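Undergrad: Let the sequences and hints guide you as you build the complete structure.
First to last, the sequence lines map onto chains A and B. Taken in order, the first sequence gives residues 0 to 133; the numbers are from numbering that gives the first Met the number 0. Taken in order, the second sequence gives residues 0 to 578; the numbers are from numbering that gives the first Met the number 0.
What the hints contain is simulated information worked out from the structure, not anything from laboratory work. Please note that a few of the clues may not be correct.
Claimed, not checked - Each computed EDC-like pair below joins lysine to aspartate or glutamate, with the alpha-carbon atoms no more than 16 angstroms apart:
no., chain 1, residue 1, chain 2, residue 2
1, A, Lys120, B, Glu468
2, A, Lys131, A, Glu3
3, B, Lys320, B, Glu273
4, B, Lys553, B, Glu187
5, B, Lys539, B, Glu567
6, A, Lys30, B, Glu468
7, A, Lys30, B, Glu462
8, A, Lys105, A, Asp87
9, B, Lys49, B, Glu425
10, A, Lys120, B, Glu462
11, B, Lys42, B, Glu5
12, B, Lys188, B, Asp163
All values reported here derive from a predicted model rather than from experimental measurement.
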Amino acid sequence: MSEEKKVRVLIAKPGLDGHDRGAKVLALGLKAEGMEVIYTGLRQIPEKIAQAAIQEGVDVVGLSCLSGAHNSLFPRVVEPLKEAGMEDILVIGGGIIPEEDIPFLKEKGISEIFGPGTSIKEIADYIRQNIKRR
Amino acid sequence: MDNKREEILKKREEWEERTLKPALKRFGLKESPTKFYTPVDVKEHNFLEKEGFPGQYPFTAGTYPTFPYQPAPRRGIHVAPGIVRAATYSGYGAPEDSRDYYKEMQLRGQRAGPNLAFDLPTQCGYDSDNPLVRGDVGKTGVAVDTLRDFEIIYEPFQGDLNLDRIATNWTINAPANIIIAMYAALAEKRGIPLNKLRATPQNDILKEYIARGTYILPPRPSMRMMRDSIVFLTKYMPGVNITSIGGYHIREAGATREQDLAYSMAILEAYLQEGVNAGLDVDSFAPRFSVNAFGGSMEFFKEIAFQRAARRMWAKILKEKFGAKNERSMLLRQSLMAAHMGYFNCTTRRPLNNLTRSVVGGIASALCGGPPRCYPPYDEALGLGWSLEASQLSEDGDRILQYEAKLTEVMDPLAGSYYIEALTDEIEEAAWKELEKIESMGGMVDAIEKGYVQREIAKSAHEYQQRVESGEELRVGVNCFVGESELEVTINRTVPHPYNPERRQEAEERQIAALAEVKRVRDNHAVAQLLRELKAKAKKVDENLIPHFIECNKAYVTGQEVCDVLREVFGEYGPVALV
Chain A
0 MSEEKKVRVL IAKPGLDGHD RGAKVLALGL KAEGMEVIYT GLRQIPEKIA QAAIQEGVDV
60 VGLSCLSGAH NSLFPRVVEP LKEAGMEDIL VIGGGIIPEE DIPFLKEKGI SEIFGPGTSI
120 KEIADYIRQN IKRR
Chain B
0 MDNKREEILK KREEWEERTL KPALKRFGLK ESPTKFYTPV DVKEHNFLEK EGFPGQYPFT
60 AGTYPTFPYQ PAPRRGIHVA PGIVRAATYS GYGAPEDSRD YYKEMQLRGQ RAGPNLAFDL
120 PTQCGYDSDN PLVRGDVGKT GVAVDTLRDF EIIYEPFQGD LNLDRIATNW TINAPANIII
180 AMYAALAEKR GIPLNKLRAT PQNDILKEYI ARGTYILPPR PSMRMMRDSI VFLTKYMPGV
240 NITSIGGYHI REAGATREQD LAYSMAILEA YLQEGVNAGL DVDSFAPRFS VNAFGGSMEF
300 FKEIAFQRAA RRMWAKILKE KFGAKNERSM LLRQSLMAAH MGYFNCTTRR PLNNLTRSVV
360 GGIASALCGG PPRCYPPYDE ALGLGWSLEA SQLSEDGDRI LQYEAKLTEV MDPLAGSYYI
420 EALTDEIEEA AWKELEKIES MGGMVDAIEK GYVQREIAKS AHEYQQRVES GEELRVGVNC
480 FVGESELEVT INRTVPHPYN PERRQEAEER QIAALAEVKR VRDNHAVAQL LRELKAKAKK
540 VDENLIPHFI ECNKAYVTGQ EVCDVLREVF GEYGPVALV
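TA: Structure follows, in structure tokens:
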């Protein structure tokens with residue numbers, strides 16, 4: 000059996016929100032869990048995040064937003080992935096996401112939301128269990 | 000004193016052998032889970048030198064000699080006779096949404112000026128109609144594109160609440176001079192002299208590069224803007240604070256306590272130096288430097304010690320490094336609270352525990368020279384904006400601490416505690432060490448350009464998370480005490496939030512339409528001319544741009560139009576890659 004491919008993750012900050020502690024810590028943490036992680040940095044345009052995800056051939060996209068713009072920004076990452084036939088890329092999100100917004104985001108294709116207090120292990124386990132390999 | 004020292008040390012050894020060891024054995028402990036401090040643990044504590052009296056150098060005991068404050072009847076600020084303060088942080092949607100909010104607050108008795116939160120496009124120098132910022136308009140605060148927006152927001156502040164009667168705050172950094180100029184333009188339109196205005200712009204760009212992210216230009220041109228702020232405000236608007244710095248954002252981004260203090264002081268030094276380099280006497284502008292807040296944490300005693308160390312360090316830097324003669328230059332003038340629980344400690348699980356946590360922070364604040372401030376309200380982590388229930392309990396917490404527990408009756412009550420004095424010294428020493436590292440790199444601007452500070456903070460954040468993951472760092476209800484026998488206490492917020500969610504939802508559309516109208520109606524030839532002049536002036540390093548910003552604002556030039564010229568001349572900041 001061939002060597003198992005590492006899970007590839009893109010962590011991104013869509014919009015203008017500059018609070019990236021969670022994104023950075025998660026990126027470093029998932030690396031420590033044996034995944035390959037790319038962190039886009041701040042101020043990413045949602046459609047460009049989708050492009051990068053496709054180009055980099057990632058298995059997971061993690062979106063971080065603490066500015067309240069998640070309902071507008073997160074679906075704009077999922078849409079281009081759908082249009083490109085890349086729905087099997089797992090899209091997850093985190094930041095400050097009020098509970099009442101989670102059903103809407105899930106309906107738009109965000110698989111799960113991981114808010115404050117989530118452990119890195121929790122997210123790593125979720126990824127491993129839910130990833131749809133291509 | 001030496002004899003006493005030796006005697007105590009000897010007795011300590013005896014105590015450890017005869018009293019402590021047997022107790023540890025009885026409990027099956029290898030090491031004692033507690034420490035105990037004696038006079039020996041405080042290195043050469045000279046009261047007058049290390050502490051002194053509140054309101055006097057070195058200010059360890061307090062910035063002011065007394066605590067005259069009372070919690071204001073509405074909206075969480077502390078007031079005292081003769082002091083004019085802005086209200087609690089607020090702002091959302093399009094300008095009319097915030098205006099109507101202030102109107103409503105005034106009907107409920109609020110008389111303080113607005114403490115404005117801006118949306119991210121405004122903070123980053125973009126206009127509401129820029130397609131790149133779609134989704135962010137009006138979310139984290141109010142959208143401000145032109146002077147028209149300030150005219151609307153400040154509409155409820157006329158007559159006996161006009162601009163010369165209130166104080167107002169702006170959480171604005173990279174475009175701070177444009178916003179300061181906008182308020183000046185508004186005042187001039189209302190016939191109010193600039194020297195009567197009271198305001199605090201945050202205006203602390205260096206922390207944006209390392210913790211908060213709303214930068215525009217690279218660090219060096221941004222320091223030129225700070226020079227403009229210092230010089231212009233000193234000359235024309237002496238009632239306006241020049242900057243509101245502080246390690247709060249830095250600590251929230253993951254920095255340790257010592258890094259918080261060291262980097263805050265390094266930033267202070269960098270800004271002070273700009274004023275000195277501009278030829279100003281430090282005593283002419285340092286008294287209008289202020290502090291927004293430092294970071295906090297649940298480590299109660301360490302946060303109290305931190306605040307004492309911070310005051311002493313600030314005073315020493317002003318006096319010894321910058322040669323300040325006026326004691327007013329050495330005051331660490333901090334805003335509404337001192338020590339606090341650390342907002343990053345707010346949990347989404349069992350959120351009422353955050354109220355308990357905030358009280359711990361409120362007590363720490365009261366005991367270290369601040370007002371008792373149980374902050375933030377317990378639903379901080381659940382979404383943007385606090386419920387009125389949570390705000391009520393937060394304010395009641397302040398009142399209980401002041402009036403029932405009487406925590407404000409004694410200044411610096413922990414002074415002289417062997418533990419607290421030792422801790423204060425320790426934190427200060429560690430901060431000086433880190434500050435010296437920054438200075439050896441050439442100062443904060445250099446350290447930021449090299450990426451040193453950003454890497455250190457990311458490292459600290461990562462290490463903290465590892466401690467949480469391993470259980471070394473305990474978070475009640477999050478990584479411990481989460482078993483099946485625990486009750487997941489939920490909350491019920493029934494009073495509607497004062498911000499109208501429908502208005503916030505469609506604020507972006509309204510503001511885009513309003514901006515189009517402003518652009519249609521204004522004199523676009525004048526705008527083009529002003530922007531051409533701005534470009535020429537920006538290229539002259541000695542030119543203070545604030546007067547020109549005032550003219551631009553009066554002609555309804557937009558924030559992005561001004562910032563685009565600056566971007567053209569100075570370039571844009573490209574962050575250091577870290578991961």
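Undergrad: Under the constraints set out in the numbered hints, which ones does this structure not fulfil?
TA: none
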